[in-house]
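K.L.:
Take a look at the letters that make up each chain.
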Amino acid sequence: MTETVSLAGMTETPIVIVVAQRPGPSTGLPTRTEQGDLEFVLHSGHGEFPRAIFAPGDVEQAFHLTRMAFEVAQKYNTPVFILTDQFLADSYRSVKPFDLDELKPIDPCAISSVAADPHLTYLLTDSGISPRIFPGMSSWCVKAFSSQELVVADSDEHTQDGHLSEDLSVRVSMVEKRLRKLDGIKHYLVNPEFTGDREPDLLFVCWGSTRGSTIEAAERLRGKGRLVATLHFPQVWPLAAGGFLGKLMSAQETVAVESNATGQFARLIRRETGFHIKRTILRYDGLPITPEYILARI
Amino acid sequence: MVSLADYGDYETAWCPGCGNHSILKAMKQALVSLELEPYQVLFVSGIGQAAKAPHYLNTNVFNGLHGRSLPVATGAKLCNSELKVIVESGDGCNYGEGGNHFLATIRRNIDITLIVHDNQVYGLTKGQASPTSETGFVTKNQPEGVFSQPFNPVEVAVAMNASFVARGFSGKIDHLSGLIQTAINHKGFSLVDVLQPCVSFNKVNTFGWYNQRCYTLPDDYDATNRESALKKASEWGERIPIGIIYQNQRPVYEDHYPFIMKGPAAKRPPDVGKFQQIIDSYK
Ligand SMILES: Cc1ncc(C[n+]2csc(CCOP(=O)(O)OP(=O)(O)O)c2C)c(N)n1
Ligand code: SF4
Ligand SMILES: [Mg+2]
Chain A
1 MTETVSLAGM TETPIVIVVA QRPGPSTGLP TRTEQGDLEF VLHSGHGEFP
51 RAIFAPGDVE QAFHLTRMAF EVAQKYNTPV FILTDQFLAD SYRSVKPFDL
101 DELKPIDPCA ISSVAADPHL TYLLTDSGIS PRIFPGMSSW CVKAFSSQEL
151 VVADSDEHTQ DGHLSEDLSV RVSMVEKRLR KLDGIKHYLV NPEFTGDREP
201 DLLFVCWGST RGSTIEAAER LRGKGRLVAT LHFPQVWPLA AGGFLGKLMS
251 AQETVAVESN ATGQFARLIR RETGFHIKRT ILRYDGLPIT PEYILARI
Chain B
1 MVSLADYGDY ETAWCPGCGN HSILKAMKQA LVSLELEPYQ VLFVSGIGQA
51 AKAPHYLNTN VFNGLHGRSL PVATGAKLCN SELKVIVESG DGCNYGEGGN
101 HFLATIRRNI DITLIVHDNQ VYGLTKGQAS PTSETGFVTK NQPEGVFSQP
151 FNPVEVAVAM NASFVARGFS GKIDHLSGLI QTAINHKGFS LVDVLQPCVS
201 FNKVNTFGWY NQRCYTLPDD YDATNRESAL KKASEWGERI PIGIIYQNQR
251 PVYEDHYPFI MKGPAAKRPP DVGKFQQIID SYK
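First to last, the sequence lines map onto chains A and B.
Numbered by my numbering, the letters in the first sequence go through residues 1 to 298 in order.
Numbered by my numbering, the letters in the second sequence go through residues 1 to 283 in order.
The following block holds chain A by itself, in its conformation from the complex (with noise of 0.2 Å):
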């Protein structure tokens, strides 16, 4: 997978892989659940380009997020994640029917105001969003093209004209616009959801298909007259702070709640913001995690 995650951050292609997470390393527990390739994920593929990951918690957010997550990737032509792991891959639960009119179509051909005649497939723009058509249509995506404008892609680091080039200020304005991408892919975030009493004494963490237990075990303590709220993620990156720093810090006490042995995403919060979450309800035997394993660990 890693090998197509970078060609697609290079060649500005758009991708959505799913990676339905199981234990490992290696073959591990090929039949059970994990969610310990947050940092794999993350990290997959050589080289600094931008994406996405999105965290579904259930059944619904998996099928309006894989939405969104294609329409992330066709407007910023760049790997999207949907990741999940093979409890909830496995999943099976009735629902309310999908709203099928709201959704607007996702035009596949990624135009945005600017665009150079002749194509330049890597157009440099304030956005780092060139254009993409596709070979042999181009006036089908650009109505003023002609049908013979050129697509020229490359895996190599290249000019704007998609054709391998060493020059090295063409090398640093490509990374430059690459990664500026980053900037846009950000108004698509998705907030955190909270869950629960608004200044709590306990918070939990989670992200992901960990949501439904957390969600039922804050809800059976808060039943028990305790103060509990739970702050779901179902975007894991790119993470912005001030969506939901404000949160961890009005909370008494911080427990983050992953199917992983390191807690891991626990981690990348610290990275990104500084808040310190101290505690660790972590589960990596390969079973889902349950409200009741949540509870015998408070």
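In case anyone wonders, no lab produced these hints; they're calculated from the structure.
A portion of the hints provided could be inaccurate.
DSSO-like mimics (lysine-lysine), calculated; alpha carbons at most 30 Å apart, straight line [to be verified]:
| no. | chain 1 | residue 1 | chain 2 | residue 2 |
| --- | --- | --- | --- | --- |
| 1 | B | Lys187 | B | Lys172 |
| 2 | B | Lys126 | B | Lys140 |
| 3 | A | Lys143 | B | Lys231 |
| 4 | A | Lys143 | A | Lys177 |
| 5 | B | Lys172 | B | Lys126 |
| 6 | A | Lys224 | A | Lys247 |
| 7 | A | Lys143 | A | Lys104 |
| 8 | B | Lys172 | B | Lys231 |
| 9 | A | Lys177 | A | Lys104 |
| 10 | A | Lys96 | B | Lys274 |
| 11 | B | Lys203 | B | Lys172 |
| 12 | A | Lys247 | A | Lys186 |
| 13 | A | Lys104 | B | Lys274 |
| 14 | B | Lys267 | B | Lys187 |
| 15 | A | Lys104 | B | Lys262 |
| 16 | B | Lys187 | B | Lys262 |
| 17 | B | Lys126 | B | Lys25 |
| 18 | A | Lys143 | A | Lys224 |
| 19 | B | Lys283 | A | Lys96 |
| 20 | A | Lys104 | B | Lys283 |
| 21 | B | Lys267 | A | Lys143 |
| 22 | A | Lys104 | B | Lys267 |
| 23 | B | Lys203 | B | Lys126 |
| 24 | A | Lys177 | B | Lys267 |
| 25 | B | Lys187 | B | Lys203 |
| 26 | B | Lys231 | B | Lys187 |
| 27 | B | Lys267 | B | Lys25 |
Given the structure is predicted, the values throughout are model-derived calculations rather than measurements.
Using the hints provided, position chain B with the ligands relative to the given structure of chain A.
P.N.:
Leaving out everything else, chain B with the ligands in the frame of chain A:
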């Protein structure tokens, strides 16, 4: 009318005397003879000296990863079967790193053309042995000579019932250009393995070495007879046959799937009505 000028004239990074120059020339001739406009063609390549070839053509290009040209070409063809998709890469790229893709593409029989610049060496990385290097071939990396037995792509392709298998020689440009034209016109997967001297790193299989051995198949050679084709394909050494070794009319992958035949995928938005039907079927 398409002319040679439409495909451009670029300065290359290849050594003077390299067989790649002649293959590029033969390719341009073929494209012009077939009256293919640059926008109707997509070239896909991997990494290597051969893989640079598409950069020297004014056309659609995807220059991807070493060994991975066939998967990209497959994807492109399935997304837009109206494109002429041509893969150009080296022997290392296609038969080493990309070996499994080579087998898979033959099995699927996708209507794309693979042109392998076969110099029996890794040229770009300065002369290590490739899968087609001969046993005993001495390199800086294999100072005691290659122990493994060489891969014969033509023989493997015929054995797998590939739908078009040819061998060319960069020293015979017009003959090669004709082979490329027939390969592109062939419906189904077509392979042209092109013997090509690497003047810098292969001092054994030189222009003279190939020129002495390569002979064109006689007019009465029957390329549709698999049994004799297998025999021809295994011929290597003192005499090396060039021309169309084997050809058949196997069903083509794209024709098996109606949704591929309906034109470019990008022009077909998701069928929301169908999706609604699926949702309703659960009610
Ligand atoms: C995955 C990967 N492995 C190795 C390399 C290094 N590499 C670049 S070109 C090449 C070999 C090229 O040989 P060939 O495909 O025969 O092309 P030639 O240069 O001879 O035309 C290798 C090993 C790479 N770029 N990527
Ligand atoms: S190193 Fe060999 S293959 Fe590469 S350009 Fe020179 S002669 Fe050609
Ligand atoms: Mg080679």
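K.L.:
Measure nothing beyond the straight line between the CA atoms of A/Lys143 and A/Lys104; if it is 30 Å or shorter, mark the hint as holding.
P.N.:
Holds, at about 21 Å.
K.L.:
Would you mind confirming whether the straight-line C-alpha gap from A/Lys104 to B/Lys274 stays at or under 30 Å?
P.N.:
16 Å, holds
K.L.:
So if I understand the rule, the pair passes when the alpha-carbon distance is 30 Å or less; does B/Lys231 with B/Lys187 pass?
P.N.:
24 Å, holds
K.L.:
With the threshold set at 30 Å, check whether the alpha-carbon distance from B/Lys172 to B/Lys231 stays at or below it.
P.N.:
Answer holds: B/Lys172 to B/Lys231 is near 23 Å, not above 30 Å.
K.L.:
Please verify whether B/Lys126 and B/Lys140 have alpha carbons no more than 30 Å apart.
P.N.:
Measuring from Cα to Cα gives roughly 9 Å; hence the hint holds.
K.L.:
With a cut-off of 30 Å on the C-alpha distance, tell me whether B/Lys203 and B/Lys126 pass.
P.N.:
At roughly 13 Å apart (the allowed maximum being 30 Å), B/Lys126 and B/Lys203 satisfy the hint.
K.L.:
Are the Cα atoms of B/Lys187 and B/Lys172 separated by 30 Å or less?
P.N.:
25 Å, holds
K.L.:
For the pair we were handed, B/Lys267 and B/Lys187, check the Cα-Cα distance against 30 Å.
P.N.:
24 Å, holds
K.L.:
Could you grab the alpha-carbon distance between A/Lys143 and B/Lys231 and see if it respects the 30 Å cut-off?
P.N.:
Not satisfied, since the Cα-Cα distance of roughly 54 Å exceeds 30 Å.
K.L.:
Can you confirm whether the C-alpha distance between B/Lys187 and B/Lys203 stays at or below 30 Å?
P.N.:
37 Å, violated
K.L.:
Does A/Lys247 sit within 30 Å of A/Lys224, going by the straight-line distance between their CA atoms?
P.N.:
22 Å, holds
K.L.:
Is it true that the CA of B/Lys283 sits at most 30 Å from the CA of A/Lys96?
P.N.:
9 Å, holds
Checked against the numbered hints listed earlier, the structure breaks hints 3, 18, 25 and 27; every other hint is satisfied.
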